[in-house]
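S.K.: Protein chains in written order, with my numbering: chain V, 1 to 96; chain R, 97 to 432; chain Z, 433 to 797.
Derived by calculation from the structure, the hints in this document are not laboratory data. No residue lacks a Cβ here, since even glycine has one placed at the ideal position from N, Cα and C. None of the hints are false.
Using C-beta positions, here's what the derived DEER-type ranges look like:
hint: 1; chain 1: Z; residue 1: Pro738; chain 2: R; residue 2: Val221; range: 52 to 62 Å
hint: 2; chain 1: V; residue 1: Ser69; chain 2: Z; residue 2: Gly481; range: 23 to 33 Å
hint: 3; chain 1: R; residue 1: Arg290; chain 2: Z; residue 2: Pro460; range: 48 to 58 Å
Simulated pairs of lysine-lysine, DSS-like, Cα-Cα distance not exceeding 30 Å:
hint: 4; chain 1: R; residue 1: Lys407; chain 2: Z; residue 2: Lys762
hint: 5; chain 1: R; residue 1: Lys226; chain 2: R; residue 2: Lys114
hint: 6; chain 1: Z; residue 1: Lys539; chain 2: R; residue 2: Lys114
hint: 7; chain 1: R; residue 1: Lys114; chain 2: Z; residue 2: Lys762
hint: 8; chain 1: R; residue 1: Lys114; chain 2: Z; residue 2: Lys744
hint: 9; chain 1: Z; residue 1: Lys458; chain 2: Z; residue 2: Lys488
hint: 10; chain 1: R; residue 1: Lys226; chain 2: Z; residue 2: Lys539
hint: 11; chain 1: R; residue 1: Lys407; chain 2: R; residue 2: Lys114
hint: 12; chain 1: Z; residue 1: Lys488; chain 2: Z; residue 2: Lys476
hint: 13; chain 1: Z; residue 1: Lys476; chain 2: R; residue 2: Lys114
hint: 14; chain 1: Z; residue 1: Lys476; chain 2: Z; residue 2: Lys458
hint: 15; chain 1: Z; residue 1: Lys476; chain 2: R; residue 2: Lys407
hint: 16; chain 1: Z; residue 1: Lys539; chain 2: Z; residue 2: Lys744
hint: 17; chain 1: Z; residue 1: Lys744; chain 2: Z; residue 2: Lys762
hint: 18; chain 1: Z; residue 1: Lys762; chain 2: Z; residue 2: Lys476
hint: 19; chain 1: Z; residue 1: Lys762; chain 2: Z; residue 2: Lys488
hint: 20; chain 1: R; residue 1: Lys407; chain 2: Z; residue 2: Lys488
Spelled out, the chains give:
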Amino acid sequence: MCLAIPAQLVSEPNDIQMVEVDILGVRRHISTMMAPAAKKGDHVLVHAGFAIQIVDEEFAAESLEMLRSFGIKTAEDLEAEAAGFDAADAAGTLAP
Amino acid sequence: MRADRILLAHGSGGTMMKELIEELFVAEFADEVLLRMDDAASLEFPGTRLAFSTDTYTVSPLFFPGGDIGRLAVCGTVNDVATSGARPLYLSVGFVLEEGMSVDDLRRILISMRDAAAEAGVRIVTGDTKVVERGHGDGVYINTAGVGVLPEGIDLSGSHCRPGDVVLLSGTLGDHGIAVVSTREGLSFSTDIRSDAAPLNHLVAAVLEAAPGVRCFRDPTRGGLASTLNELAEASGVSITVEEPLVPVNEQVRGASEMLGYDVFQVANEGKMVAVVPPEQAEAALAAMRTAPYGEAAAIIGEVAESPAGKVYVRTSFGATRIMDMLVGEQLPRIC
Amino acid sequence: MSDILDGFRDPEVARGLVDAIHEVAKQPCTLMEVCGTHTMAIAKNGLRGLMPDTIKLLSGPGCPVCVTANADIDLAIEMARQPGVTLATFGDMMKVPGSYSSLSAEKADGRDVRVVYSPLDSLSLAEREPDRHVVFLGVGFETTAPTVALTIREAARRGLPNWSALSLHKTVPGALRALVNDPEVRVTGFILPGHVSTIIGAQPYEFLASEYGIPSVITGFEPVDVLQGVWMLATQLAEGRAEVEIAYGRGVNVEGNPTAVAAIEEAFEPCDSEWRGIGVIPGTGLALRPGFAGYDARVRMPVTPPEPREIKGCQCGDVLRGVVLPFECKLFGRGCTPEHPVGPCMVSSEGSCAAYYRYTDYGKE
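Extracted from the complex, chain V is given alone in its bound form:
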């Protein structure tokens, strides 16, 4: 019950809220009754022939960026770094 895949609207929903979506080139007609604000170009999660949520592409990209940074630093590292930064600044030893 959790198989929902992202798809993109390739048309505007019609008068009975059916719309054509694209999933990696595959086209299907689905219902937007649960996501009435969805419009052409939006990405939605599709489950059992219905859009259950609009996916914010920007949000998704930002989430991914945040996760990518895990490999580099954790939040504590960043804090410690910031603290070290401030100390160095105060002591006038901050390198240019």
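Please arrange chains R and Z on chain V, whose structure you already have, making use of the hints.
M.R.: Same frame as chain V, now just chains R and Z:
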């Protein structure tokens, strides 16, 4: 075998079909050549050796994007004979026609078979037809049997794979299965995907010439690549690992598989060939595949190891290794 | 978009998260996921093997197919046996054994059982075949229930005379409460189902934190999503917090999808429901409201199925509660295999046993 009735699952190319074949057919017929369970039987004849194979087609719908039951029936048997390394020469055809079937449809199918045979360079030399009552027969069932000549010194078998061998695949996976399922009522979606049904005997001959040490060929049909590789692993007593990122798959096939919850390794093909070759001949085999008809997208997809015997693995793009399991019954779309 | 999504399957991204998990998870804990799709994602991506020894990942009753009671499957089968009935179902239900048979065995016996991808497809089916009565088998949690609710609304709008729905839908939060009250079940944190939460939001899970002090994280399904969920849970535990957090932000809002929730409430009302191997959990089922009696298969097609029976030795119930691991079941791989399943956990595409059988070597000779 515990089922007392035949289920659709027994025909899907997966583990239940394997059980049916092993516990019923092979058990009753118990022939030494049959027991090798290769796609074609290699037979001694005075002065020569022949390869002999048969296949029956029951696909519904009869016509689908990229082909029809007729093309499948010719290509399927041509390919099975070719896997033994033989040059396919002659086909027989048997038809079970359903009362009420359209004559125009039948003519279309026959033309398709004629064209496929011409493409493969084989001749349809004998046949039979029967008619059954309306309500039986799904329009038409077709059986084809094929015979070919095995050149001297060729002894290919699914039991010959060895650790270190390389696994090649002639092109994109899952096209046929997705093309057929896209026409099914209740699942309607549209794609540009067409069935890959094609005769591959020219491709096999090219690879055999470029890489004479090839262990075996196998065409992954019902049950997909998973059935084929599991059969090879079991027959040879080896382990096979496939690198998922190396396997060619059309974007739309991927999209449809994601939507329906299908494992693309279990989706049917009708125009693809797997070849297992010794590592030093892999590049030559690949080059030959890529320049042969229907092999443009060929790739090296994995390799053979010693153990655990009989197991097939997938190394995913994520880096995890999971078992490539055989299809159990029919492949059904899921929402879970 | 697909390149963004590939990012959530990127092993490089995962590596950073795995390190972070090892960093923060110093105390032993048991994390339970309650969505079959999570069971599959964990098995398929070998995530268990990436965990530190301190983290035990457990599967719960999150596969709606697995938890459908024998008696309910028997009911669906009895309806399929009525003359003139076409039973339309999601593919997931076909092979699941009831007391005596399964839908796929019934189909082999000549009953008209058809697989659809969307409940809306069953409406088209009914319109195309006015001589048949189409019964749609509704199974699933809150992700699927609104799709069936809206289909019922659509059937009513079209005034379809030959269509009805058999609702076997169940809801998740009540089951979670039953699990935490079960003395045999010991869970330190919950990995919550992403798409159920797309519909219901975060609020229905609040009681886990406020009444039981158990942390939970709403998690997505790509391997990186699951790791993020685990990391957030391990962090809550390390920091002594118990909250409901959302890891799967791109798919879930705090308030869920109010349109979908309204659709569920329009067509369904809560009822008691039997969870296979667990028993009746009050208020966790969804029954069609009296106003939709004309589209309720229980009303349109009253039948009396045979007495239900449980298969001896089947431990699906224990597996579903996380009390027993799949390969610890005496029948796993011996007498219960995907070809010949005794219970639903082995046959369902999301069942814990099927996941172990398919993706690992556990228990297979």
